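Participant: Sequence:
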Amino acid sequence: MSKDIFSQDNLANLVVENKEDASEQKILQTFIEDNRIKEIPARRQKRFVVLKWLVNQFEHGVRYPEAEMNRRLKQYHLDNAALRRYLIENGLMQRENGFYWRIDGA
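At position 105 of the sequence shown (counting the first as 1) the number is 105 in this note's numbering, and the numbers step up by one without a gap.
Among the hints, erroneous ones may be present.
[Stated by the list, open to error] Using 16 Å as the maximum straight-line C-alpha spacing, the simulated EDC-like pairs for lysine to aspartate or glutamate come out as follows: (1) LYS74 with ASP104; (2) LYS38 with GLU89; (3) LYS52 with GLU96; (4) LYS74 with ASP34; (5) LYS46 with GLU89; (6) LYS38 with ASP79.
[Said to hold, decoys possible] Label pairs and their computed distance ranges (CB to CB): (7) ALA67 with LYS26: 19 to 29 Å; (8) ASN97 with SER23: 35 to 45 Å; (9) GLU66 with ALA22: 30 to 40 Å; (10) ILE40 with ALA67: 29 to 39 Å.
Since the hints were derived computationally from the structure, they do not count as laboratory data. Everything numeric in this text was worked out from a predicted model, so none of it was measured. Don't be surprised by glycine CBs; every beta carbon is placed ideally from N, CA and C.
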């Protein structure tokens, strides 16, 4: 069993995952300070990492009215409209009839 766990393929996968995690952590350290977004990244990949962090601040299965969504997003960054748009565009949240919610798997 231990031969399977420590096979070359499994070890290679662990290294790749750790590199991705380290890269994402570095991005978050650059753009997040004191639980606030210092700056919305211009590069799409970096912005997606920050958005994944942001969407985790919202609960699954909860529908947030737009006013509540704005209030909560302003806690993280003043440009709440851009954050709402990016969360929708990147498939992390959905919007319907003025309510927002996390997409399953996000």
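Participant: Now tell me if each hint is right for this structure.
Facilitator: Each hint, compared with the structure:
1. LYS74 with ASP104: Given pair LYS74, ASP104 is violated - Cα atoms ~23 Å apart, limit 16 Å.
2. LYS38 with GLU89: Violated. LYS38 to GLU89 sits at ~21 Å, over the 16 Å cutoff.
3. LYS52 with GLU96: violated (21 Å)
4. LYS74 with ASP34: Holds. LYS74 to ASP34 sits at ~14 Å (cutoff 16 Å).
5. LYS46 with GLU89: Holds, at about 15 Å.
6. LYS38 with ASP79: holds (11 Å)
7. ALA67 with LYS26: 19 to 29 Å: Cβ of ALA67 to Cβ of LYS26: about 35 Å, so the range 19 to 29 Å is violated.
8. ASN97 with SER23: 35 to 45 Å: About 38 Å separates the Cβ atoms of ASN97 and SER23, which means 35 to 45 Å holds.
9. GLU66 with ALA22: 30 to 40 Å: Holds - the Cβ-Cβ distance for GLU66 and ALA22, about 36 Å, lies within 30 to 40 Å.
10. ILE40 with ALA67: 29 to 39 Å: At roughly 21 Å between Cβ atoms, ALA67 and ILE40 fall outside 29 to 39 Å, so the hint is violated.
Hints 1, 2, 3, 7 and 10, counting from the list given before, are not met by this structure.
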